[in-house]
Amino acid sequence: MLKKILLCFTVAAMVSAQSFGQKKDVSQLTRSDILSMSYEELADMPIEDVMQLTKILGVSLNELYEMLLNKDVTSASKKAESSFDSPLSTTVLSYDEIVASGARNIQEAMRLVPGVIVREKTNGNYDIHIRGNNNIPDENLTVYTENSMTLVMIDNRPIYNYINGGTFWESLPVDLADIDRIEVVRGAASALYGANAVTGVINIITKNPESEELHVNGQIQGGNLGSYMGSLNVGQNIGKFGYCVSGNYQKMKRTTDKFYVFQYDSLFNRDDIQELPDKTSYWLTVFNPMEKIEDWHPYPETAVDRFGVNASLYFNPADDINFVLSGGYQDSYITSSSFGDPSISITGRDIKSSYFNVIGKVKGLTLQSNMLFAEQDIVHKNIGFKADARTFNLNAEYDIYIGGLNIRPGISFQNARYDDTPYLIADTTGKYSSGYMNGVCSFHSIAGSLRLDYKMLDEKLRFIMGGRFEKFNTSDDLYFPFQAVASYNVNDKHMFRIVGSMANRSPFIVDSYSNFDWNRQGRPFPSHMKFEGSKDQKLATTKNVEFGYRVRPVRNLFVEAEVFMSSTKNFGCLLPESVTAYVHMADSMAANVNLPQVGTVFTAKQPVPSKAIPNEANLKYQNIDVKANQYGITLNAEWVATEKLVFKVFGTYQVTKLKDHVCYNNSKIITDMTTLAAINASKGNGITGQGVDDYFVTPFKIGVQQQLDAGGMQQIEAGVTQQILVQQLVQAGMSQEQAKIHSVEMMKTNSAEVQQAAAAAHALAEQAEIDVQGIPSAIAEQHFNYEQYDQTLKHMQAASVLQYDGRYEKKEVEHKATPAFFGGFSVNYTPIEKLNIYASGNFYSKQTYTTSNGTFTADPKFTMNCKVSYKVWKDNAVFVNARNAFGDKKQEFAWTDETKGCYLVGFDLKF
Amino acid sequence: MKKVYFLVIGLLFVIHNVANAQDDKFKALFIYNFTKYMEWPEAKRSGDFKIGILGNSPITNELKAFTAKKTVGQQKIVIEEIMAIGDCYKYHIVFVPTKASSNVDEIVQSVANKGVLVVTDKPGMAAASSGINFVKDDGQQTFEISVKHIHEQGVNAGKSLLSLGIPVE
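Note that the protein sequences, when read in sequence, are chains D and Z.
When the letters of the first sequence are read in order and numbered with our numbering, they come out as residues 1 to 911.
When the letters of the second sequence are read in order and numbered with our numbering, they come out as residues 1 to 169.
Worth double-checking, as some hints may not be accurate.
When the alpha-carbon atoms are kept at most 30 Å apart in a straight line, the in silico DSSO-like pairs for lysine-lysine are as follows [stated by the list, open to error]:
(1) 569/D / 530/D
(2) 99/Z / 460/D
(3) 620/D / 543/D
(4) 644/D / 99/Z
(5) 493/D / 659/D
(6) 36/Z / 55/D
(7) 657/D / 569/D
(8) 55/D / 122/Z
(9) 644/D / 136/Z
(10) 44/Z / 55/D
(11) 69/Z / 834/D
(12) 569/D / 460/D
(13) 79/D / 471/D
(14) 76/Z / 44/Z
(15) 493/D / 99/Z
Worth flagging that the hints you see were computed from the coordinates, not collected in a lab.
Chain Z extracted, bound-state conformation:
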């Protein structure tokens, strides 16, 4: 019977590690692509280009893999985990994983007009407060985009990006 327990624990470990790996990879790829189609305020066009992930998320490593040798203009891309909501204003993009979605409103309030794009991963978030929200449409990974919220966050979105995402008012 011990062998069975060992087996079940092993299986749970496997599930935990691989269940959403593919989705995370493409979400990270989208986030990296957002850097190409957004315009940040002048104050944030120097220093490192910082992307913060609220809490521990597998997207962090995926983003690091995509951005290891990349820049935004002259700015080196840095990926960091955000340890406190009060630090969100320092970043260019803040990604809020599904499990941290309850903090989105507080984050949005804290970064208003500070040039921080808030990206979320829970149905209804773009309509509520975030700038971009990941969703699945008939199995396809895509995103909702709220021009209004992006402007409120002090960022401008390129037209081509607006045409690709699902607009949300």
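Just chain D, with the same shape it has in the complex:
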């Protein structure tokens, strides 16, 4: 009995002790702990503890508001500040939001950013612009629809394609798991980051190890359209050192395995394209007969196939001294819109690259250096488009603080070197001629910068002046991008700012060094086209003014408005400079077969196919007069309705007008140049050589000779034999009529007279000459000049010689390639702690692209996405993910694939 009492006492004491031990220290509870408490637990708490709970919730809610609505950003000033205080138009996308959204890659995540236009080209490949200004000039090469005005960086390391501008997004070595956040700065920012930050900056900030505990972030998912992808990033600190390693893989199929052929305005199977007849010249084919389409497109169904690996080492010996060494490798193949000008709209792109990046911060000094080594086949297997690339960047900046003034002087050096000779075959003299550059081409720049950032009135009023002198080796011009900002924080609820800035693009290899001799044998005229770069062109430059207002009327609501105006000039493109045309100044040609003593015995006639035919066209990179004037407004609102429900909605309305716009269609210009060459040649102007034997006469003569060899000469010899017999009979006293009749009878025999006459005729026939009539023809050269052409064509129209549509008259036109209205929204809902639903949508209004291949209209489109994830262990979650959930098929980019819904299941890793 005593034992039972002792046992009961012991158990009671243990239970009591345990329950005492379990009494919660309220002050140590987290928001998550509180939200997971039961009604029973809460009800049993004294009111003092309840007050403590609400305090924790209140603080944590404020922290949540700050975390969601006022993220830290570094790209707008190159130092950490809250996005509410950012002097520029800035958006920060956190890793958590990107993962919650279900974006399959970094490109797709950009759909969550205000002011950014994202259009899918093929499954998983996107065109990304900040505020547009794309497709300038229009009517020219498709490549000018690509964005070359936005600087994309990874940890301040430019990821830029200096061969012709823009970003090869698939060649980024990092993927979702590597991201800490993506910072987007809208508006000109060359004063901060140098050339190419014309419409803005996209800076992908990667994860750092934050503690000595191992962090693991990643996701893996798979679904329809042959989609499977994953990325993983792990890292930790070990004492003063740290590391991160990561890997990623992505494979997605196109929504079709067919290819759009411009001439036919239709899709064709790959293998049917090679022999497809050219509609303009039936004896030619649409596809270049010198190349094989199965080489161009070995994987017609593949949209994306890529992987990347990265590693970073960190050394933090002191709070204000740290170093980072990073390196990585990527290999990618995509099928997407072409950077070339082929007869089909989509080509492959194959890029392999490796990099290293060193960042050192020692007190106020920041040093960064990086190199990229790449093998870029930007139009897969199209001869001339493959090159080795090497870029080098070195930046140094030093921060000095004097009271409220921050002074930051800096210097930088940049070099981009491209070499296509490893992929070309030299001729017998050792020269290369089949490439786009045919040699090693490089440009470099050196720059000095200074930035003054002054805060006064308790840091409410802020003035920023920044400038940068930059000199490129390709030009004598000195560029001075600048930035002037004034911002005023009325209080923590209202912030006004005004920004004036100027930014410029860098030179590109293609612009400066093109040396492409395009032998168009087997192609429609011209027979040769020469693409030539030009180093002395002015760089595209934009001037930008912005007014911004941010307001947080209550803690859980953030609203931002930015009004912007910009004017961009010095666009450039490849335009015909001169054309050499074969000009034929008669309607038809005649070839007479003349025999000695006999005269003309046969005449062949051939109509002239064209008055003039362009034989050689020289295209040179040139500045064009067009200016893009843009104004617009972007509105962005984010509302944390509760900690479980967050809304975001944003939209941009903008108008872009092109001033001094003329026709930039190379084909039309070459045709007009050829026509005018003919007119001038008829007046004796512009003729560079006599006759066009090589082109018109010789082929005609050969054709006639072939007719003679094929039996025509036998007939002529028979006719001449009869003529000789008639002459002999007339000389013997017979009348002409009787001689003709008698000679016919004689030709039926093989008499000695006939044999002699035939031998004489044969001897004469051997001396036959073919004389081509219908000359004069000429080779004429014509140079292009907009004003002159406009005047000339107007005169010709007045004289009823031709119809002229005024295409060279400078006009102001509305730019329709950038949608006037675009934006998106998102709803992030966490009904219970383990369940998250993220729905997002994007929309844009109608847009019309015009290139040398014609006009394409993309209809307005709304795309809906949704990811539902459920945490199965800590923050690790299974999910279902729907991209383009309603399966809208409308094409988003000119002549690229129809889109389809992509539905995936996967797993998010986070611990």
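Dock chain Z against the given chain D, drawing on the hints supplied.
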């Protein structure tokens, strides 16, 4: 386009249901805690302990969840929706949601000295007439307390409660 309408309607439904759920839960928890720190007149210390909510409010269900197995002394706690202002005198605590705040003065007059604590949820209400009024202080859910008004309503407030709330004269 129908899909978009469907989506918008769905979103509005979600907003309506979850926007203030967390706040309601803690307001209900506070109301339950008030029962521990108040002293009601003798006449109201028998029978059920009745908490009434004026009109339809999500706090009703939250209160039911907190008080399902609870008592005040020996009194079982009952949560009811008040259908008529004239019935307010029957309750120990009357909660007036924000949307019904225009009725507060009438309610206070009807329950004067009848042992009914009037709890409101609109800025300025404690200063005007209610005994306790929910407010947010820098994001933290807390309450204002008017000793004067509580006494006028025939209820006594414990000192510890007075020290936790924001006093209002």
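| Holds or violated: residue 644/D with residue 136/Z, Cα cutoff 30 Å? | 19 Å, holds
| said: Checking one constraint from the list: CA of residue 99/Z to CA of residue 460/D, max 30 Å. Satisfied? | reply: 39 Å, violated
| request: Verify the proposed pairing of residue 79/D with residue 471/D, using a straight-line Cα cut of 30 Å. | output: Since the Cα atoms of residue 79/D and residue 471/D sit roughly 26 Å apart, the hinted pair holds (cutoff 30 Å).
| Are the Cα positions of residue 76/Z and residue 44/Z separated by 30 Å at most? | 12 Å, holds
| task | Mind checking the alpha carbons of residue 569/D and residue 460/D for me, to see if they're no more than 30 Å apart? | result | 36 Å, violated
| query | Taking 30 Å as the top limit, are the C-alpha atoms of residue 493/D and residue 99/Z close enough? | reply | 27 Å, holds
| Between residue 36/Z and residue 55/D, is the straight-line Cα distance small enough, at 30 Å or below? | Distance of about 21 Å is within 30 Å: holds.
| query | Can the restraint linking residue 644/D and residue 99/Z be considered satisfied, given a maximum Cα separation of 30 Å? | reply | 23 Å, holds
| Pairwise hint evaluation, residue 543/D against residue 620/D, where the allowed Cα distance is 30 Å at most | Holds, because 27 Å separates the two Cα atoms, which is no more than 30 Å.
| task | Decide if the proposed pair is consistent with the structure: residue 69/Z and residue 834/D, CA atoms, cutoff 30 Å inclusive. | result | 28 Å, holds
| Within 30 Å, alpha carbon to alpha carbon, are residue 44/Z and residue 55/D? | 33 Å, violated
| 30 Å limit on alpha-carbon distance, applied to hinted pair residue 493/D and residue 659/D | 40 Å, violated
Hints 2, 5, 10 and 12 from the earlier list are contradicted by this structure; the remaining hints agree with it.
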